[in-house]
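Colleague: Those sequence lines, one after another, are chains F and X.
Following my numbering, the numbering of the first sequence begins with 1 at its first residue and continues without gaps.
Following my numbering, the numbering of the second sequence begins with 1 at its first residue and continues without gaps.
A couple of the hints might just be wrong.
Remember, identical chains collapse to one label, so a pair may be satisfied in a single copy or spanning two.
BS3-like mimics (lysine-lysine), calculated; alpha carbons at most 30 Å apart, straight line [claimed, not checked]:
1. K85 to K186
2. K224 to K47
3. K165 to K186
4. K224 to K77
What the hints contain is simulated information worked out from the structure, not anything from laboratory work.
Here is how the chains run, residue by residue.
Number of protein chains: 2
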Amino acid sequence: MAENNFSLAATLQSMLEAKKYTSIRDVLVTMNPADVASVLEDMEEAKLPLLFRLLPKEEAAETFVEMEPELQELLIKGFSDVELKEVLDELYVDDAVDIVEEMPANVVKRILKAADPTMRREINEILRYPENSAGSMMTTEYVSLRPDMTVEQAILRIRRTGVDKETIYTCYVTKDRKILGIVTVKDLLLAPDDEMLISDLMTTNVISVNTSTDQEEVAQMLSKYNYLALPVVDNEERMVGIVTFDDAMDVMEDEATEDIEIMGGMTPSDKSYLRSTPLDLFRHRIPWLLLLMVSATFTGMIISHFENALAAQVVLTAFIPMLMDTGGNSGSQASVTVIRALSLGELEFSDLTSAIWKEVRTAVMCGCVLAVACFGKIMLVDHLLMHNPSVTPVVALVVCLALAITVLAAKVIGCLLPMLAKKIGFDPAVMASPFITTMVDAISLLVYFAIATSLLPM
Amino acid sequence: MAENNFSLAATLQSMLEAKKYTSIRDVLVTMNPADVASVLEDMEEAKLPLLFRLLPKEEAAETFVEMEPELQELLIKGFSDVELKEVLDELYVDDAVDIVEEMPANVVKRILKAADPTMRREINEILRYPENSAGSMMTTEYVSLRPDMTVEQAILRIRRTGVDKETIYTCYVTKDRKILGIVTVKDLLLAPDDEMLISDLMTTNVISVNTSTDQEEVAQMLSKYNYLALPVVDNEERMVGIVTFDDAMDVMEDEATEDIEIMGGMTPSDKSYLRSTPLDLFRHRIPWLLLLMVSATFTGMIISHFENALAAQVVLTAFIPMLMDTGGNSGSQASVTVIRALSLGELEFSDLTSAIWKEVRTAVMCGCVLAVACFGKIMLVDHLLMHNPSVTPVVALVVCLALAITVLAAKVIGCLLPMLAKKIGFDPAVMASPFITTMVDAISLLVYFAIATSLLPM
Numbered sequence: 001m002a003e004n005n006f007s008l009a010a011t012l013q014s015m016l017e018a019k020k021y022t023s024i025r026d027v028l029v030t031m032n033p034a035d036v037a038s039v040l041e042d043m044e045e046a047k048l049p050l051l052f053r054l055l056p057k058e059e060a061a062e063t064f065v066e067m068e069p070e071l072q073e074l075l076i077k078g079f080s081d082v083e084l085k086e087v088l089d090e091l092y093v094d095d096a097v098d099i100v101e102e103m104p105a106n107v108v109k110r111i112l113k114a115a116d117p118t119m120r121r122e123i124n125e126i127l128r129y130p131e132n133s134a135g136s137m138m139t140t141e142y143v144s145l146r147p148d149m150t151v152e153q154a155i156l157r158i159r160r161t162g163v164d165k166e167t168i169y170t171c172y173v174t175k176d177r178k179i180l181g182i183v184t185v186k187d188l189l190l191a192p193d194d195e196m197l198i199s200d201l202m203t204t205n206v207i208s209v210n211t212s213t214d215q216e217e218v219a220q221m222l223s224k225y226n227y228l229a230l231p232v233v234d235n236e237e238r239m240v241g242i243v244t245f246d247d248a249m250d251v252m253e254d255e256a257t258e259d260i261e262i263m264g265g266m267t268p269s270d271k272s273y274l275r276s277t278p279l280d281l282f283r284h285r286i287p288w289l290l291l292l293m294v295s296a297t298f299t300g301m302i303i304s305h306f307e308n309a310l311a312a313q314v315v316l317t318a319f320i321p322m323l324m325d326t327g328g329n330s331g332s333q334a335s336v337t338v339i340r341a342l343s344l345g346e347l348e349f350s351d352l353t354s355a356i357w358k359e360v361r362t363a364v365m366c367g368c369v370l371a372v373a374c375f376g377k378i379m380l381v382d383h384l385l386m387h388n389p390s391v392t393p394v395v396a397l398v399v400c401l402a403l404a405i406t407v408l409a410a411k412v413i414g415c416l417l418p419m420l421a422k423k424i425g426f427d428p429a430v431m432a433s434p435f436i437t438t439m440v441d442a443i444s445l446l447v448y449f450a451i452a453t454s455l456l457p458m
Numbered sequence: 001m002a003e004n005n006f007s008l009a010a011t012l013q014s015m016l017e018a019k020k021y022t023s024i025r026d027v028l029v030t031m032n033p034a035d036v037a038s039v040l041e042d043m044e045e046a047k048l049p050l051l052f053r054l055l056p057k058e059e060a061a062e063t064f065v066e067m068e069p070e071l072q073e074l075l076i077k078g079f080s081d082v083e084l085k086e087v088l089d090e091l092y093v094d095d096a097v098d099i100v101e102e103m104p105a106n107v108v109k110r111i112l113k114a115a116d117p118t119m120r121r122e123i124n125e126i127l128r129y130p131e132n133s134a135g136s137m138m139t140t141e142y143v144s145l146r147p148d149m150t151v152e153q154a155i156l157r158i159r160r161t162g163v164d165k166e167t168i169y170t171c172y173v174t175k176d177r178k179i180l181g182i183v184t185v186k187d188l189l190l191a192p193d194d195e196m197l198i199s200d201l202m203t204t205n206v207i208s209v210n211t212s213t214d215q216e217e218v219a220q221m222l223s224k225y226n227y228l229a230l231p232v233v234d235n236e237e238r239m240v241g242i243v244t245f246d247d248a249m250d251v252m253e254d255e256a257t258e259d260i261e262i263m264g265g266m267t268p269s270d271k272s273y274l275r276s277t278p279l280d281l282f283r284h285r286i287p288w289l290l291l292l293m294v295s296a297t298f299t300g301m302i303i304s305h306f307e308n309a310l311a312a313q314v315v316l317t318a319f320i321p322m323l324m325d326t327g328g329n330s331g332s333q334a335s336v337t338v339i340r341a342l343s344l345g346e347l348e349f350s351d352l353t354s355a356i357w358k359e360v361r362t363a364v365m366c367g368c369v370l371a372v373a374c375f376g377k378i379m380l381v382d383h384l385l386m387h388n389p390s391v392t393p394v395v396a397l398v399v400c401l402a403l404a405i406t407v408l409a410a411k412v413i414g415c416l417l418p419m420l421a422k423k424i425g426f427d428p429a430v431m432a433s434p435f436i437t438t439m440v441d442a443i444s445l446l447v448y449f450a451i452a453t454s455l456l457p458m
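Looking at chain F on its own, in the form it has when it is part of the complex (with noise of 0.2 Å):
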């Protein structure tokens, strides 16, 4: 789809330069906001406004709210308080809020300024709620019904006020703010008779979020409910907006990039990584390779420390790599499906004891098809194939015995500190590859000289 893209912003872009806008136009508004705007991100940067204004008013608000933060900033710049004005009012209060926290404070002074007063205290209204919270990705425009309304009231309502709702299709039935019940417009358009009472109508097992709620599990219970929308309340049950599927599928793919960042030794970042300079790479990966190569000087210190026996047993060296490399995959394994399973919420903290067991017997049958795997290995090709003498099968003993017991403590740390860790209110995927790998290596490389030095001639 990329390629697609490319190709169309050079069409586009000599179709500019022989000034045929009208023509531009025309092809523009056939296509849906979101490809607009990844076109437009392709096009010179000198020509975005002239290109933005070709578009219709709503296509041009649609096509905004898809583009990329920087584009949006440089188009809000060069607009006029008129034309800010425009775009502003066809938006939807959640995507101005996503706009309004991405600008800088001069550019949300202009845009706060423009809205219309509605929509101003909408905006602020929501932005006094913590980052990542259901109150922080609600929008304020949802429809309310009142219970005592006919089917046809209701449907006159939603005709009357729906075009500026994000969905008309849940309706909330409310008596001072709180509700009551849920009544969809499958329900009204399906109802038997026009005069039946919505209060009669709507379902009333309601599922709400609170404004506080973490977004991840919102949209989880999205997902799980399989709803077009959730109400949010406030402490005192209040309705105070809905979250919509759309922005949960936003927050899932996000969250999930998060956690894969995270899990990967990175700061999580908001760009992409086309539009990520080798600077923004640089900045999210250096804390962890940084912190990570000081602690292996714990694997360096235990190594100095058994430099004799190393140096009376030289071929154990050979073996380190593999020792700690099958160490910190072991580890991984057992982590990166924890902290998975931990951010979908199948698993708590409860679990603890349970997943550990799992853990330990996943282990055992592990660590013992690698030990026999990994003496045959060593006994058929080190010792046969390759003649090496000082390869005896004690040596290979030694090393098994000290890769089943890694193993083991490998998939116990990969388990236990990502449960801990969500415990004491910390991100579990912080836990994952890298920093049990270098736990993993210490380990590994304690066991097998305890090991070598019991059983080896020093």
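For this one, chain F is given, so just place chain X on it according to the hints.
Modeller: Only chain X this time, still in chain F's reference frame:
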């Protein structure tokens, strides 16, 4: 939430023992089907059929869909033919297909026999499409309208046929099964005039997917365009079904989990962590552990090859873990970022050179900072503080040079391999940490010994 379900399960269990069936029913009907399913899963298996029969027909079917395959199978085996037919009649075709896909052959036979002829035909049709394709995740139940209908006629048609459709909110205007346009219920309700023709109201810029489109791409398109549903067409561009947002959310979650599992060096699993037995975990983990252990033979061979150099300068051994770990971490940072960008469709193979050039510049910055920090740390800690006489400035220089080159190689490999894998049709996620680590280990050791043998007295 799991905790709440557990205690609710206990309450129901004691109500069950006291034979308070009406009260149990009263509790269950207030709950959402997804929650009923998770409560039932925590109950004694023998009591399941009894509890299930307490549910009203429609809720029973919705609950059934949300249950784990093992319990669905257990229930089906206990159903009479009439009961099975009752549940099936309430299911949407795509849910029925999901269930059929998980069941053993004899159960599938019973299901197909009990289904009414239309559903049987549709199930068989969907089963023909390859796994993970749009065809296999679609439902054939959608609302189609004719272009010459008026708004009023369209609403009437929805009222008459809508009850069995998975979504009524997006309707497809078709002629000879080709899609002419899309009309939403919002468009219909907000239409200025009931006599307006559908052909004048519809959006003609329709985005559709082919039956063979990969489910991950379908989910990303739904998310990108914020659609409730996407139409699925066959190779003759005839509409055959729709994919809805709730299935797309499940796919997004499953695909992210699958990527994370593969990146963690496991074969992907369908079961949740708590439902996986140690034997399941073992089977998904041991192949990669064995493969990576055997491939670590190469690093062992490199070390054996330079045994004399190591014997002459035993101090070099102490820095091997740090070198290997930092290389591995640098490589997995790059690979994880690239794999995620590839799977979100942000990055294409055509971006290869710009991606590698970006990684090279990032690697130079990371490498320089790490080398300087490492030199400082070695001179300060090992040389000055620990008074290790064999740690000379030249040794520190060897380590730091090797470190910088390793980081560069690791980042380039970490970026290159996933993109090559994608190009030749492999899953890029396979090229994550475990695989990259093994390659980078070998490279870092070769570089290390090459620099050491040329700079140090051997």
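Colleague: Taking the hints in turn, state whether each one holds.
Modeller: Now for the hints, and whether the structure bears them out:
In the homo-oligomer, the alpha carbons of K85 and K186 lie at most 30 Å apart only across protomers (25 Å), although the nearest pairing inside one protomer, at 35 Å, exceeds that limit. In this assembly of identical chains, K224 and K47 lie within 30 Å of each other by CA distance solely across copies; the values are 25 Å between and 44 Å within a copy. When the C-alpha separation of K165 and K186 is checked against a cutoff of 30 Å, the pair qualifies both within a copy, at 17 Å, and between copies, at 10 Å. For a Cα distance limit of 30 Å, the shortest separation of K224 from K77 across copies, 26 Å, qualifies, whereas the shortest one inside one copy, 42 Å, does not.
Hint violations for this structure: none, all hints satisfied.
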